[in-house]
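Novice: Residue strings, one per chain:
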Amino acid sequence: MLAFAIRRLGQSFFVLVVMSFIVFLGVFAVGNPIELLVNPQADEAERLRATVALGLDKPILEQYAVFLKGAVTGDLGRSFVFNVPAIQLILQKLPATIELALAAMLIAVGLGIPLGLLAGLRPHSFVGRSIMALSIVGFSLPTFWVGLVLIMLFSVHLGWLPSNGRGETVMLLGVPVSFLTWDGLQHLAMPALNLALFKLSLLIRLTRAGAREAVLQDYVKFARAKGLGPRRVIGVHVLKNILVPIVTVIGLELGSVIAFAIVTESIFAWPGSGKLLIDSINLLDRPVIVAYLMVIVTLFIAINFFVDVLYSMLDPRVRLGSASTAH
Amino acid sequence: MLRTLRVALAAFALGAFSLAHAAPERSVSIGLQAAITSIDPHYHNLSPNNSMLIHIFEPLIARDPNQKLVPALATSWKAIDDLTWEFKLRKNVKFHDGSAFTADDVVFTLNRVPNVPNSPSSFATFTKPIVDVKVVDPHTLIFKTASPHVLLPSDLASVLIVSKLNGEKATTADYNSGKAAIGTGPYKFVEYIQNQHVLLKANYGHWAGEQPWDKVTFKILSNPAARVAALLSRDVQMIETVPTSDIAKFEKDANFMLADKVSNRVIYVHLWQWSDKSPPFVTAKDGKPLDKNPFKDARVRKALSMAINRDAISDRVMEKKSVPAAQLLADTFYGTSKKLKPQKYDPEGAKKLLAEAGYPNGFAMTVHGTNNRYINDDKIAQTIAQFYSRIGIDTKVETLPAGTYFSRATNGEFGYMLLGWGTESGEQGSSLRSLLATRNPEKGMGVNNRGRYSNPAMDEQLVKALVTMDDKKREGLIQAAAETAMNDTALIPIHYEVSTWATAKGYRYTPRTDQYTLAMDLKPVK
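Chains as they are written, first to last, in this note's numbering: chain A, 2 to 328; chain B, 364 to 889.
So that you can see chain A by itself, here it is in the shape it has in the complex (with noise of 0.2 Å):
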């Protein structure tokens, strides 16, 4: 196990290097960050200075060996526009992201797992129906209209919640966080639910396919016929088999729905890691976009990792499976 985790991490590491390469590679390809950067009315020489002063005067792979050294030392260089280290201002803005993010996987799972089973458990009734048709909904809308729609209804019509911002944090081990006031509260439901929308149908679709397959099986038969009551066959029997792809799928879609909570992010004006991504892209702010993408990176292999883990608890068989492949 040791061995196959240590070789797991070299493999990460790897990972992460070429993707520190391609991703420089892309960024430089973009174009040149001097022509948004530089007030267009400053003449030749300011932007001289400022292509020299931002160290853009070296060839690519010189700036990339800069980038790389620092990297070694966790300085993954400073932002062209904030004059800050760039992993800086990530880690400012990745706490509202990552609470958006577990907030909508709250509600996706909370919601998504007993709705599912409900509509596996009784396919034909109404409510099972009715549960399907609005996953389809879920799955098909496009994010931006929802979010859209959300905003109209609540903020506009309404005027129960607020419209964008995340409202006052409060400071929870050294971050803030907004979900401990009300105010927060209020900021936060509308964009978290906005992004569960879609994990929510997934995971609906998800747990009403394991769950009609799970109560044809012989175990469940065999433990209906002993006796068995019904809570425990489902919550035991039932469930616990159908939750190893469940976790596989809730630890890959977290890690997505935080690199991709973007959409999200700019209709609700969340000041998270997404917005300060599509930003940086507009204003061709380099470091900022390759530390994002590394952290990013970073974060999808830390998660794998986790889920890996996690599933071997479930299900003993994958503990043996995975040390049989490392040898």
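FYI, nobody ran anything at the bench for these hints, they're computed from the structure.
No false leads were mixed into what you were given.
Dumping the calculated DSS-like pairs for lysine-lysine here, alpha-carbon to alpha-carbon at most 30 Å:
{"hint": "1", "chain 1": "B", "residue 1": "Lys759", "chain 2": "B", "residue 2": "Lys742"}
{"hint": "2", "chain 1": "B", "residue 1": "Lys806", "chain 2": "A", "residue 2": "Lys59"}
{"hint": "3", "chain 1": "B", "residue 1": "Lys491", "chain 2": "B", "residue 2": "Lys431"}
{"hint": "4", "chain 1": "A", "residue 1": "Lys59", "chain 2": "B", "residue 2": "Lys491"}
{"hint": "5", "chain 1": "B", "residue 1": "Lys707", "chain 2": "B", "residue 2": "Lys665"}
{"hint": "6", "chain 1": "B", "residue 1": "Lys578", "chain 2": "B", "residue 2": "Lys624"}
Add chain B to chain A, keeping to what the hints say.
Specialist: Just chain B, lined up with the frame of chain A:
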């Protein structure tokens, strides 16, 4: 939770004590389009920054809503001779920390401007012409320039004065944190969070008198729909840059008010004239390169201008929030010629001119433009392409994000390029110099001449204008240069953007040509 409770209790207790005599706090929230990148007024020369920082800091000379120069920290200024300027400073002005403003602060500022580390776009352009500063007394300054520099007052209007006392060792980070963000302006700095908001409170001791707001919150709402929603739900009381598709809705609704004004920004086309070769993305209809550069022929340029129906673009693409353009600035600005009128739409005439120039069957080309930089930029490119198809030019359209587009346009990779230009000085001479003068980077001529248009006759008129100190005489020379260029279709002006602001009922904004959004220009109305 606990904290909220405590705050609520405290507020309640305070409220109970002061209920009898406290006036309600007059606060206002404003939704901005673009992020503020710094509170350091000399770090990044970017319109959104300049617009924000003018609340906290002040220049010697300010610009009114029409970009006319008006006294601010200087009460008067005059050129003593071609190379010497005298500035008289305002007396009894105090910084936010109570210290007095004097000539030393101006000298300190001028020395700081070129030396801000890592600045992505420095303000040194504006201070460079000054080679010597003499303090005559605490409220009189003499500036010397190396050559006649008529734009000095205009340049200094872009330089915000910081305090020597607080700025001596201050870094950009100290300004962002508020430690050094101490100016003389009508509002004091409270808080700045990147990409999120800027909070200000009133400076009651300001020399110009009191402001109508005690507290101002600027929220960064870059998504246009989010900005509109924030106003509709009253999370903010004003937004800038109303999306054109929402203008009709606000116009009809009595709960909101629109304010708009022709801006200093022209949308125009540069035509590739780097050499006599066939320009990039311009070919014969069969795809073969042309034997010469059609854009070097004034008749072809004129035909391309005649083929564009500017009124249709203004009516249908821009919801009437644009004005057909004849030159580089709307004709209310300094140095513009009243003789120049927008080119009339004349597709038949355009065809005839093309035939005369040797292209009776037209040619093929691609219209290049941005898709996230100017108002409706991609729609304008599409519309223009349709007009060209009507006069027999096979036209394709390619629009790109600004980040990619500007680099490639600067490298001369496009033949027909749609661009925009805002004249911060408010006078046409500086635009002609940057966009149309024959390119000569050492002399600062043609810095943004991406088409490489060159006309010695216009250059001569312009150079003369740029060293003429007499305002009346200079204006005549700039007008003449503009007429020379525009009659030669040096570039194709499309329209001047109209900037729009929307306010909730009870608030009125005085719109500005420089597209700045200032709390000072927002007033409560009954």
